[in-house]
Structures are given as structure tokens and as C-alpha cells.
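Chemist: Whenever a hint applies, use it, and build me the whole structure from the sequences.
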Amino acid sequence: MKLSELAQQTGATIEIGDANLDITSAAGLTEAKAGQVTFLSNPRYTPQVKETRAAAIYLAKDAPIERADLAVLRAQDPYLAYTRALRLFHPEPVVTPFIHPSAVIDPTAQVAPDAHIGAGAVIGAHCVIESQVTIHPNVTLYNHVRVGAQSVIHSGVALRAHAQVGQRVIIHNNVVVGSDGFGFAKAEDKSWLKIPQTGRVVIEDDVEIGAGTTIDCASVGETRIKRGVKIDNLVQIGHSCTIDEDALLCAQVGLAGSSHIGKRVILAGQVGIAGHLHVGDDVVLTAKSATSHDVPPGKVISGIPGFDNKDWLRSVAAFRRLGEMARTIRLLEKRLAELERTSNDKNKLRGHGEE
Amino acid sequence: MKLSELAQQTGATIEIGDANLDITSAAGLTEAKAGQVTFLSNPRYTPQVKETRAAAIYLAKDAPIERADLAVLRAQDPYLAYTRALRLFHPEPVVTPFIHPSAVIDPTAQVAPDAHIGAGAVIGAHCVIESQVTIHPNVTLYNHVRVGAQSVIHSGVALRAHAQVGQRVIIHNNVVVGSDGFGFAKAEDKSWLKIPQTGRVVIEDDVEIGAGTTIDCASVGETRIKRGVKIDNLVQIGHSCTIDEDALLCAQVGLAGSSHIGKRVILAGQVGIAGHLHVGDDVVLTAKSATSHDVPPGKVISGIPGFDNKDWLRSVAAFRRLGEMARTIRLLEKRLAELERTSNDKNKLRGHGEE
Amino acid sequence: MKLSELAQQTGATIEIGDANLDITSAAGLTEAKAGQVTFLSNPRYTPQVKETRAAAIYLAKDAPIERADLAVLRAQDPYLAYTRALRLFHPEPVVTPFIHPSAVIDPTAQVAPDAHIGAGAVIGAHCVIESQVTIHPNVTLYNHVRVGAQSVIHSGVALRAHAQVGQRVIIHNNVVVGSDGFGFAKAEDKSWLKIPQTGRVVIEDDVEIGAGTTIDCASVGETRIKRGVKIDNLVQIGHSCTIDEDALLCAQVGLAGSSHIGKRVILAGQVGIAGHLHVGDDVVLTAKSATSHDVPPGKVISGIPGFDNKDWLRSVAAFRRLGEMARTIRLLEKRLAELERTSNDKNKLRGHGEE
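Going line by line, the protein sequences match chains Z, H and L.
The working numbering puts the first residue of the first sequence at 490, with every later residue one more than the last.
The working numbering puts the first residue of the second sequence at 490, with every later residue one more than the last.
The working numbering puts the first residue of the third sequence at 490, with every later residue one more than the last.
To be clear, the hints were calculated from the coordinates, so they are not data collected in a lab.
Hints are supplied without guarantee of correctness; some may be wrong.
Just so you know, same-sequence chains aren't split out, so a pair can sit in one copy or run between any two.
[To be verified] Distance condition first, Cα-Cα at most 27 Å in a straight line; then the derived DSS-like pairs of lysine-lysine:
1) 491 - 539
2) 752 - 683
3) 539 - 823
4) 835 - 823
5) 491 - 799
6) 683 - 788
7) 788 - 715
8) 837 - 823
9) 522 - 539
10) 491 - 522
11) 752 - 675
12) 823 - 522
13) 679 - 837
14) 715 - 491
15) 752 - 799
16) 823 - 679
17) 679 - 799
18) 522 - 550
19) 715 - 550
20) 715 - 675
21) 675 - 491
Modeler: As C-alpha cells, then:
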């Protein structure tokens, strides 16, 4: 790809370099080879710019550059421009229309003629598979499932009855969508009576769901994963939750039922969210923290239970010395008691002297 | 369903309302529509009773009611009665006897004539599938597995050799039952030598297991999940554990090997239990807590490591101000040192004066 | 097996007992029956030696023995010798060469004639399945996957494109190897733009991976699990991580991307490791702890965030009384203020008196 074309398609402008320079692919500063484009985003890595063998580099508007042999592409956000370059050099594979003879497709299902259905996939009654969808081998779609155009469903995935999947969604291997929510009433003999879970899961467009993640159907109504949400591996989403647009859920996060996660919220690894909560837009919960209360928009929360991240940082710093702190308090008590005794004695002495 | 029939089948009595009133289904207070039955359990929602469009309501024995247009069903536990109503209106689907031609069933396996075996399911040698069992597509049963009557095994589940599943058990998608326990001995060269895992998993009647959960076989003997236990998604149960009757394990709970979890124990989300422990009956561990010690019956435990929940609540309240607390201690030390100096000076002064 | 043969094959020497004694199998001290060999490793169980019905016992070099009716095998490490005995009595099953007719094998794949491929397994283009490999039912291998000799892949596993699996590897059910790493760049409209994940996963010889575990491919290059690593169930390994030889990762551990875990490191259950870290050789992180910083070799770390285990033990002991500690500090403040007031009054008094 010509440098000029690359610049144009990644939202950058050429500051230095021949517009006809051939760029073959993209790589990090230290990995890049001749002919590749690289990027500098974090100023910490500025020294590596001198060493890189790349042919071109994305730089922020104001980043200095001291090499004349390196084509310079100025971008608002070099990392974003670089990602766009990576995507140009590694486009999504074209979907080959195909239905493997071992796939089992219910006669009532509608499969677009340009969809791809792998070996051993099972498509239930009344399913709808839209254009250019890829269903990998050994996937199971229960009845009444819809998969939107250009979505990719990896092997071992289960989409339970009535699950709705939008367009350009990627669901990685062994994800479960629409299993029963965890709801029971306690009977007179203290055994648990199952509450029917009759709702469904709706996954909107441009969502990605990591391997092994489980998303329960609603008891009534919907569990909804909104447009652009990205979910990592082994995440648990309880029944009737709503994850709002562009939220990011890292690996092993767990949500109990009926919680609402706001737009662009980031839940770092192994975070836990209790049930029936409202986590406001743009909230961040740091790794391994948890909340059992609503969180107002924009807050950064840490700890179990979670509170303001800055306070938490002070608390955990103090926690490291908590054994010592306890000892200090015991000593203070002792010294104080000694002082009090002395002071008391003097008072008595003086009182006596004054009598 | 007639109101009288509903009352009778859900253990309630009609206080107000026509016994012949038609009830079509069940829904929550705010969602309920004409013809539906609803319930009030938590007094906090009493104001919503005035607004509900439901035709009938389950109320506790002593709950007041100010509407004459609403049929009133008195019940010991309105939530339980409502759950029973939901179950009446959403009965389990009838199992259609069926074996998909793509299912692979070993000739030595015994499959009840009224069982349902989905596409791509694989049933190993000497397996026994009892009456009205549903095996969904792409399930794998290794050899010598037994599945009891009316149980449902969802797609992608693996039941490893010799696993025993009771009656009316529900196993959600991609659960693994009977994988090898995690046991190794350290060899002379510090590499790990695998300890053979030769036991099995026994799952008793009326157990439900959430999607993606893994239950390891015992190294010797059994891992046993007893009658009525409910397990949520992505739970890990190590080798040789016993989970006693009616225990509830929420999502992402993890148990190391050889622990015993008592009857009716509740392990909230992301709880961890170390190996070789005994957790007594009716214990509750709150979310994200952990224990590496035995827990006596009836205790509520929180924290890592866990201790009494009430003490923990006080500790975490204090923890939020731990940074400030550390500062206060430093100030106290300073002030105390100052006082000690002053007191010392006076003593010296007085001592001098008295000489 | 003759006692002499057992001793020889498990690295032990006969101290007491007939070399021709028949040993039929191996079991723990309390479970062992006539004809079996048992072991004593932890001196705590010494009293059980008197009661055991075993025919022979592995003992450490210096462990006392008071029974004449028990054959005694002296071993450097009785647990290791016992494990070796268990392995002799429970050898790996011999692999029967077999390809199930329902398996779907791409014509470009190379499958060793003595491999075993179960029903419904799908082997992609250009895969290589080496000698004596067992692929259980419903496994999916994407294209260009290699599985080394004598490895076992359990049902439901997904090996994504270009995954490399070494020899004698065991991968338990529903493991996912090579799913996309979790990498996104934030676009101008605050939506997330997927970064292509073009790397692969390499699993070296003698690795074991527990059920439901997920291992992401590298964004560029490799995610590598080195020789002898043992991974438990439901573990998450992010893109571009390296797990060095003989490390042990217990259940539900989570690793963000690009971290290096040293040789023989032990990560206990539910541990979390942030991204781009270096955890030194022989480090131990105790259960539920986490680190967001590098850890030097040999350290034992606990807490969130983790610090030295000994300090942590003191801190958590103090934490249990933190509510009380906060109360003590308030009292100290009060008493100190009182003392300061008194001292001040006296100073004033004395000052006054001295005037």
C-alpha cells in the first residue's frame, strides 16, 4: 500500500516521506522491519524511535522527530491510526458460502445463501442466519435464534432459545448465551424451588464476547448487551442485566442479576457486581474490586466493598503497615496511661500540698 | 385457570374474589396485566399494590389491602406461592421421544425408549439413559455414565467416565463433570508428576448446575453433589469435595479439593474455599470472601480470609478511613511525645526545685 | 506386583518384608486394604500407621515404625514414591487406533495411523495429528493446528488456527486455546476498534490444562505455555503471556496480557495478575491475591494488591479488630486532649503562681 493511501485510510497526514513509498504491514517499534509502519503513543518509548527499522511512523501532532530516513505520519491519536493500519493489513477473512453436509439444519430455519455453516453445527427450528454469517463447527443454536449479518460464532458456542444476535458480532468459543438465570424460592422444607426463567438474551450490533463467557436469559423480559460492548473471557452475566453501549468487561468479571452497567464503563479483571445495582456511565472499577451499592457516573472505584480509588490507594498503603500500626497503638495506650498516672499523681500531690 | 384452582395448587386461600375468576398467567407488581396474578413479599413495594393492573395478588397473612377490585390470595409465603403459580403457567416442556440420526450411541448403551437425544450427541459404552431424559445436541458422555429419569443435559456438556447423574437434574451448557482433579507430586527435578485421578462424580436428584461449571472427579472415591444443591455458572469444584443437600453456590465460586460444604450453605459470588475444610450447615459466605479454616454451623462470614460478618462490616467501614487513621496515629505520637517531653521537663524542674 | 519390583520401580528400598510379597494396588492410610501399599508423609498421621490394613508402607528415611507385620519401603520422598506406585497400578490407557466415521477430517490434514479420533471431531486444513494422540468426541481443531505425540484432547475443546500442542499434553474438556486476545483502541466517538489478533499459542511438552480454561492467542507473536506447566480449571491466560516451566496455576486464576510467569511459580486459586508484569521464578501468590507490580524471584505474596506474606498475615490479623482499633484511636485522642488541657492549665496555673 502506498504511503499516501495508508495515510488517507487511517486519518493521518504525511509530514515527511514519499507519497509513493510502499508500506507492507504494521508492527510495534521494536518488532518493525523494513517496509513496515509503526507508531509512538507513549512518550516513554521515544528513545526506541531512534532504533526502529520501520519505514514509517505515526506520531502525535506535537511529537518531535529527529530522523530524516523515517516517513512521518501525523495523527490525532497515533495508536488509533496504527490500529486502523493493522486492520487494513489484516482484513477480516472473506466468508465463503458453505454448508457442511454434517451440519444439522432444521427445515424451518432460514439460512442466507452466503452464510457459512461448519461441520457438526446444529441449527434449531425457526432460526434465522443472515448474510455472510460464519457458524463454526459444533455450534448449537436452539430454536428461534437469530444471528445478524457478518457475525461470527466460534465452535462450541450455545445460543439458547430466542437469543438474538446483532450484526458484526463476534462470539468466541464455548460461550453460552441464554442459559437459565439463577433464581429459586425457598420452600417450606428449606429446599429450593426453581423459578421459571422465561426471558431471552439480546446482543446488539458490534459486540464481542470472549471464550467461555456465560450470559443468562432474563427471568422475564430481556438480558441486553448493547451496541459495541466488549466482553473478555470467562465473564458471568446474570439474568436481566443490561450492559450499556461501549462498556468493557475484562476477564472473569461477574455480575449478579438485574444490574445495569452504564455506557463506557470499564470493569477490570475479576470484578464483582451485586444484584439490582446501577453503575453509572464512564465508571471504572479496578481489578478484583466489587460493589454492592449503586455507583454514580464517572467514579473510579476500588476495593471490596469498593469506594473512591484515591482513598483506597491511601488505605491499602496504610494496610501494609497495619500490624505495626496496631503495635504503635498499643504502645501509645501504654505511654498515655503512664502519663495519665503521672499526671494524676501530681494532681494528688499538689492537691495534698494545697490542703 | 380458575382462581380457586390456582389457590389450591399454590397453597393459598381466597380472601377476596370470585372463585371462578380466570387467571391467565403470573407477573411482578409493575409488569402484571389484566388477568394475571402478582404478589407482594417485601413491604417496601406496598405502594405499588395500589397501581398494579393484576387481577389477583398473593399477600402474607397479615398484609393490609385497600383495594376491593383485586382478588386476594393469602399465603404463608407470597413469593413461594407466586413461584408455584409461575411454574403452573410455565410447565417443563414435555419430552418428545426422539433420537437424531446423527447422534452416536454405543451399542452397549441402554437408552430408554422415551428419551430424547439431540443431533451430534455422543453416548459412550455402557451408558444408561433413563426415562424422559433430554440430551441436547453436541453433548458427550464418556463410558459408564448414568443419567437419571427426567434429567436435562444441555449442549456442549461433557460427562466423563463413570459420572452418575440423578433424577430431575438440570445441567446447563458446557458444564464439565468428572475432569481430572488437580493433583501432582513434586519429583526430584522439581517437575510435577501427575497423581492418577481414578474416582468419579455423583450428582444426586434435583440438582441444577449452571453453564460452564467444572466439577472434578475424586482422586479416589467420589466427588458428591447431594440432593437439591443449586450451582450457578462458572463454578469450580475440586476433587473429592462433598456439597451437602440444598446448598447454594453462586457464580464463579471456587472450591479446592476435599472440602465438605454443609446443608443449606450459601456461597455468594466469587467466594473461595481452600482444601480439606469443613463448612458447617447453614453457613453463609458473602460475595468475594474466602476461608482457609473450618467454619462452624450457622455463621455468616466475610473477608479474605473470612471472619464474622458483623466484625467485618466494622472493619471495612474503618478501612475506608485507614489512610486518615494512619495520619491520626502519627499526630497522636507527636502530641504524646511533646506531652512526655513537657512532663519530663516539669519533673526535672520540680526535682531540681525540690533538691 | 512383587514388593521387590515395586520398590525398584518407585525408587525405594525394602527395609522390612518379603521381596516376593504381592502388592495389588495403592491407597491412603485409612482406605488401604490387605495387599495394598500406602504411605506416610505428614508426621501428623503417624497414629494411623498403627491402624492401617495395608500390606506395605512407604516411609521417609528416618520415620520410626513399630509394626512388624507391615512391609516397610524407605524412600527419599514417600509421597512421590506412592504417586509412582499409583501410576504403576493405574497406567494410562493404551490408545486404540481409530477414526470414527462421523469425524470430519480435512483432506489436507495429516493424521498418524495410530491416532484415535472420536465421533463428531472436526480436524481443519493442514492440521498434523501425531502418533498415539487421542482426540475425544466433538473437539474442533481449526486450520494449521499441530498436536504432538501421545497427547489427549478431551471433548468440547477448541484449538484455534495455528495452535501448537507438544507431546504428552493433556487438555481437559471445553478448554479454548487461541481465542482472540482482548485488545481494542478507542475511536474518536468513544467506541472500541478491534486490534487484529494475529499471533498463535504454543503449548510445550508435558503440560496439563484444566477444564474450561481459556488461553488467548498473542496479538503478534506467541502466547507460550512452557514444558511441564500445570493449569487447573477455568483459568484465564491473556494474549502474549509466557508461563515458564513447571509453573502451577490453580483454578480460576486470571492473567491479563503480556505477563511473564517464572519457573515453578505457584499461583493459588483465584489469583489475579495484571498486564505486562514479570513474576520471578519460584514465587508463590496465595489464594485470591493479586499483583499489579513485578515480583522478585522466591517471594511469597498475599493480598490485593499483594505484598510480603508475613507482613500480610500481621495486617489481616490486625484487620479483624480494625473497628475496635478505630474506636481505640478516638479514645486515645480524647484522653490525650484531656491530658493536654490539664497540662496546659497547670502550665498556666504555674505560670500564674510564679508571676
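Chemist: At most 27 Å between CA atoms: does that hold for residue 752 and residue 675 within a copy, between copies, both, or neither?
Modeler: between (36 Å within a copy, 14 Å between copies)
Chemist: Classify it for me, residue 788 with residue 715: is the Cα-Cα distance of at most 27 Å met within a copy, between copies, both or neither?
Modeler: within (21 Å within a copy, 40 Å between copies)
Chemist: Could you figure out if residue 683 and residue 788 sit no more than 27 Å apart (CA to CA) within one copy, between two copies, both or neither?
Modeler: between (37 Å within a copy, 26 Å between copies)
Chemist: Please work out whether the CA atoms of residue 679 and residue 799 approach to 27 Å or closer within one copy, between two copies, in both situations, or in neither?
Modeler: Answer is between; shortest inter-copy Cα gap is 25 Å, intra-copy 44 Å.
Chemist: Within, between, both or neither: how does the pair residue 752, residue 799 come out at a Cα-Cα threshold of 27 Å?
Modeler: Result: close within a single copy only, 22 Å intra versus 35 Å inter.
Chemist: Between the shortest in-copy and the shortest cross-copy C-alpha distance, which are at most 27 Å for residue 823 and residue 679: within, between, both, or neither?
Modeler: neither (52 Å within a copy, 50 Å between copies)
Chemist: If the cut is 27 Å between Cα atoms, do residue 715 and residue 550 qualify within a copy, between copies, both or neither?
Modeler: So residue 715 and residue 550 fail the 27 Å test inside a copy (34 Å) and across (42 Å) alike.
Chemist: Treating 27 Å as the Cα threshold, decide for residue 522 and residue 539: within, between, both or neither.
Modeler: within (14 Å within a copy, 71 Å between copies)
Chemist: Could you figure out if residue 491 and residue 522 sit no more than 27 Å apart (CA to CA) within one copy, between two copies, both or neither?
Modeler: This pair counts as within: shortest intra-copy Cα distance 17 Å, inter-copy 64 Å.
Chemist: State whether the alpha carbon distance between residue 522 and residue 550 is at most 27 Å within one copy, between copies, both, or neither.
Modeler: For residue 522 and residue 550, only the intra-copy Cα distance (24 Å) is at most 27 Å; the inter-copy one is 60 Å.
Chemist: Within a copy, between copies, both or neither: where do residue 835 and residue 823 come within 27 Å Cα-Cα?
Modeler: both (18 Å within a copy, 20 Å between copies)
Chemist: When no copy is named, should residue 823 and residue 522 be tagged within, between, both, or neither for a Cα gap of at most 27 Å?
Modeler: neither (68 Å within a copy, 61 Å between copies)
Figure legend: structure checked against the earlier numbered hints; hints not met, in rising order: 3, 5, 12, 13, 14, 16, 19.
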